[in-house]
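Under my numbering, residues 1 to 551 are what the sequence shown spells out, in order.
A few of these clues could be false.
[Said to hold, decoys possible] Heads up, simulated DSS-like pairs for lysine-lysine below, C-alpha to C-alpha not over 25 Å straight-line:
1. Lys306 <-> Lys402
2. Lys43 <-> Lys250
3. Lys95 <-> Lys306
4. Lys95 <-> Lys51
5. Lys171 <-> Lys151
6. Lys490 <-> Lys532
7. Lys538 <-> Lys549
8. Lys514 <-> Lys549
9. Lys389 <-> Lys364
10. Lys151 <-> Lys306
11. Lys514 <-> Lys402
12. Lys514 <-> Lys532
13. Lys532 <-> Lys549
14. Lys431 <-> Lys476
15. Lys490 <-> Lys431
16. Lys389 <-> Lys476
17. Lys476 <-> Lys532
18. Lys514 <-> Lys460
19. Lys490 <-> Lys426
20. Lys460 <-> Lys476
21. Lys389 <-> Lys51
22. Lys367 <-> Lys389
Everything labelled a hint here was simulated from the structure, so no lab data went into it.
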Amino acid sequence: MTGKFLVIFILILARITQIPAFASKGKDYSEELERLDEILSRKEIYVQYLKDRINILKSVLDEQDDLSQIYGINMRIAGEFRSYSLDSTMAYLGKCRSIALQLEDSVKLIETDIATAEEYTLGGYHLEAQAILHRLESEQIPQSLRYQYLKARHNLAGELMAYANDNRIFKEQAILRTVYRNALLAMAGPGTFDWYMLKMEEAVQYGRLQEAKECAGKLVDVSEEGSHEYAIACYHYQDMLGENAPLEEKMLWLIRSAYTDVMCATKDYASLNFLASDLFSCGDIDRAFSYTADHCMPDAIFFGGKLRPWQIAMFFPEIGKAYQDKNTRWQRSMNAMVTAMAALITVMVVLLVFIYMRQRVLDKTRKALQTSYLAIEHRNQDLIEANRKLSDLNAKILESDKIKQEYITLFLSILSENINTIRQYKNHVLKYIRRGNAADIVAEIEALPPIDEDITEFYKMFDTTFLNLYPDFVDKFNSLLAEGEAITTKGDDTLTPELRVFALIKLGIADSSKIASLLHYSANTIYNYRAKIKNKAKGDRAGFEEAVKTI
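I would like the entire structure built from these sequences, with the hints used as guidance.
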């Protein structure tokens, strides 16, 4: 019964929420759209990258006193600002023009005027651009600037064509654009970005649409991904796909162009505007409104161009109205949803009361079972812990028995050997004394080996016996020391003086005086050994000797 109500509720939600068409787009499209949203959220980071580059150029500029160098750096700064801020670009181009006048350098002056005309064209100030280029007609354009001059002429003619209301003006500018294009094609290197742009324009003009599409594809190929040229290439490629191309494919290239514009800190762009329009057509009104209101319009105003805000303003009211209508529909949907949910809640309350009554009976049974289970579990844990402690105790007893056996055997062996030695020496001494050869006895005693050899033999016997009992003592002992402080022995069955001290501590002999007596060291030496090793401890010094006892 509950399942049927859930199905009905889901169907109601699906009906009233009206899932938009863009939700069913392909994987690549949705992933690229999410990437665009992510990049837009980091837009200020990319702007900061641009500002950092400009600040570096400004810092270099502050160190220059040569006017030619200052001119070149100002031109580079103007180039950085070109698609970011019209006013800033014009300000630095103005500085360049002033320097060119100071230097009385006609080439630099013409270069600045061409760049200024190009920026005016980009910003939609066509009359200003036309005036500058008209003035340059009387100038002798240097060969090094000829291409840039023709390009500025060509771009202005294209813009005047696009915004011409008079058919006669349109045709005049079309003829001029063709003339400039042909001249540029003769100068541009085949296979370059500009060359493919010009060939694409030529193909479109003469109706060779497949060729135009191929040129647009080549534009993408020759552009470095993430560059401003790549953004332009992606925009033109989607435009050359034609009206019959799937909208999803065209939008995919618009998205790539749009997020590349953002990554290049471009404020004067078209891709995001057209993408917002396409998203609006697909029903993604929220995104379309966000792109237009939060990005396109503020960026266009910030750039300072004349035409872009006007273009966006023509489309913005339609999105705004649709956004408002959607909110109204959403409010109605919410009201319907609340009504449906109220009905569903009423049914669910009845079901919950019934389920609650049944659940109480089950809870009592479960609680009784759980109590029994916990009691059994506690008993099991107690038994496991007791077994573990018993196992540890048995292991310690076995180890203790082994140690006792080893050392009792060693002790008895040493005692027996000492008794035999003393007995033999006693008989030997008595024999000399009875003969009256006491002087020979004295000479023989003085010729005996020094006591150090006996001590060395004792150390060897102790080391061998201890390492037989604890073969991994040295490795485990070194693991308690800090890195680089490990103690190295001379052989596998030999201990160092420090290790012998702590071997006795391991055996339960912790008193320094007893250790000194057993090892024939002074008590001060034993203290120094213990302090020296503790200073090398990896962990707590106070608990180091206790840790040694557990090895």
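Do the hints match the structure? See the list:
| no. | hint | in the structure |
| --- | --- | --- |
| 1 | Lys306 <-> Lys402 | violated (98 Å) |
| 2 | Lys43 <-> Lys250 | holds (23 Å) |
| 3 | Lys95 <-> Lys306 | holds (23 Å) |
| 4 | Lys95 <-> Lys51 | holds (19 Å) |
| 5 | Lys171 <-> Lys151 | holds (19 Å) |
| 6 | Lys490 <-> Lys532 | holds (20 Å) |
| 7 | Lys538 <-> Lys549 | holds (16 Å) |
| 8 | Lys514 <-> Lys549 | holds (17 Å) |
| 9 | Lys389 <-> Lys364 | violated (38 Å) |
| 10 | Lys151 <-> Lys306 | holds (21 Å) |
| 11 | Lys514 <-> Lys402 | holds (23 Å) |
| 12 | Lys514 <-> Lys532 | holds (19 Å) |
| 13 | Lys532 <-> Lys549 | holds (18 Å) |
| 14 | Lys431 <-> Lys476 | violated (54 Å) |
| 15 | Lys490 <-> Lys431 | violated (44 Å) |
| 16 | Lys389 <-> Lys476 | holds (23 Å) |
| 17 | Lys476 <-> Lys532 | holds (18 Å) |
| 18 | Lys514 <-> Lys460 | holds (19 Å) |
| 19 | Lys490 <-> Lys426 | violated (38 Å) |
| 20 | Lys460 <-> Lys476 | holds (21 Å) |
| 21 | Lys389 <-> Lys51 | violated (70 Å) |
| 22 | Lys367 <-> Lys389 | violated (33 Å) |
The structure is inconsistent with the numbered hints 1, 9, 14, 15, 19, 21 and 22, although it conforms to all the rest.
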